[in-house]
Amino acid sequence: MKILVINGPNINFLGIREKSVYGTQDYAYLERMIAQKGQPGGHEITVFQRHHEGAIIARIQEAYFAGREGGVMSPGA
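With the first letter of the sequence shown counted as 1, position 74 gets the number 947 in this note's numbering; the numbers rise by one all the way through.
Some clues are possibly wrong.
Computed cross-link-like contacts, SDA-like style, restricted to lysine to any residue with a CA-CA straight-line distance of at most 20 Å [stated by the list, open to error]: (1) K910 <-> I879; (2) K875 <-> I930; (3) K875 <-> R932; (4) K875 <-> K892; (5) K875 <-> V920; (6) K910 <-> K892; (7) K892 <-> Y902; (8) K910 <-> G943; (9) K875 <-> H924; (10) K910 <-> V894; (11) K875 <-> Q922.
Simulated DEER-style distance windows between Cβ atoms [said to hold, decoys possible]: (12) K892 <-> Y937: 34 to 42 Å; (13) G896 <-> F938: 32 to 40 Å; (14) G911 <-> P948: 18 to 26 Å; (15) Y902 <-> H924: 14 to 22 Å.
The hints are simulated quantities; they were obtained by calculation from the structure and are not laboratory data. Every residue, glycine too, gets a C-beta built ideally from N, C-alpha and C.
Build out the structure end to end from the sequences listed, making use of the hints.
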C-alpha cells in the first residue's frame, strides 16, 4: 500500500524546542520511524512536511493522481 503522511507547521522543531515537553528526538528520527513501521507490511510510506496550507493541499491532490492509497495527516504541531 502506498501511504502519504503529511505533517503541518512547526513539527520540524522536534528535538529543538521544549525538549521537556516534546522530547529530544528530532524530526529526522520521526521520519525514519514512520518509514520503518511500514516496512514489515511492504508499505511504501512518503512523509511530507510544510508550513503553508496551500503546499499541503497541493500535495494531497498530487498524491491522489500518483495512486496513493491512504494518508495520515497531522495538520498542526
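Outcome of the hint check:
no., hint, verdict
1, K910 <-> I879, "holds (16 Å)"
2, K875 <-> I930, "holds (18 Å)"
3, K875 <-> R932, "holds (14 Å)"
4, K875 <-> K892, "violated (32 Å)"
5, K875 <-> V920, "holds (11 Å)"
6, K910 <-> K892, "violated (24 Å)"
7, K892 <-> Y902, "holds (14 Å)"
8, K910 <-> G943, "holds (15 Å)"
9, K875 <-> H924, "violated (23 Å)"
10, K910 <-> V894, "violated (24 Å)"
11, K875 <-> Q922, "holds (17 Å)"
12, K892 <-> Y937: 34 to 42 Å, "holds (37 Å)"
13, G896 <-> F938: 32 to 40 Å, "holds (36 Å)"
14, G911 <-> P948: 18 to 26 Å, "holds (21 Å)"
15, Y902 <-> H924: 14 to 22 Å, "holds (20 Å)"
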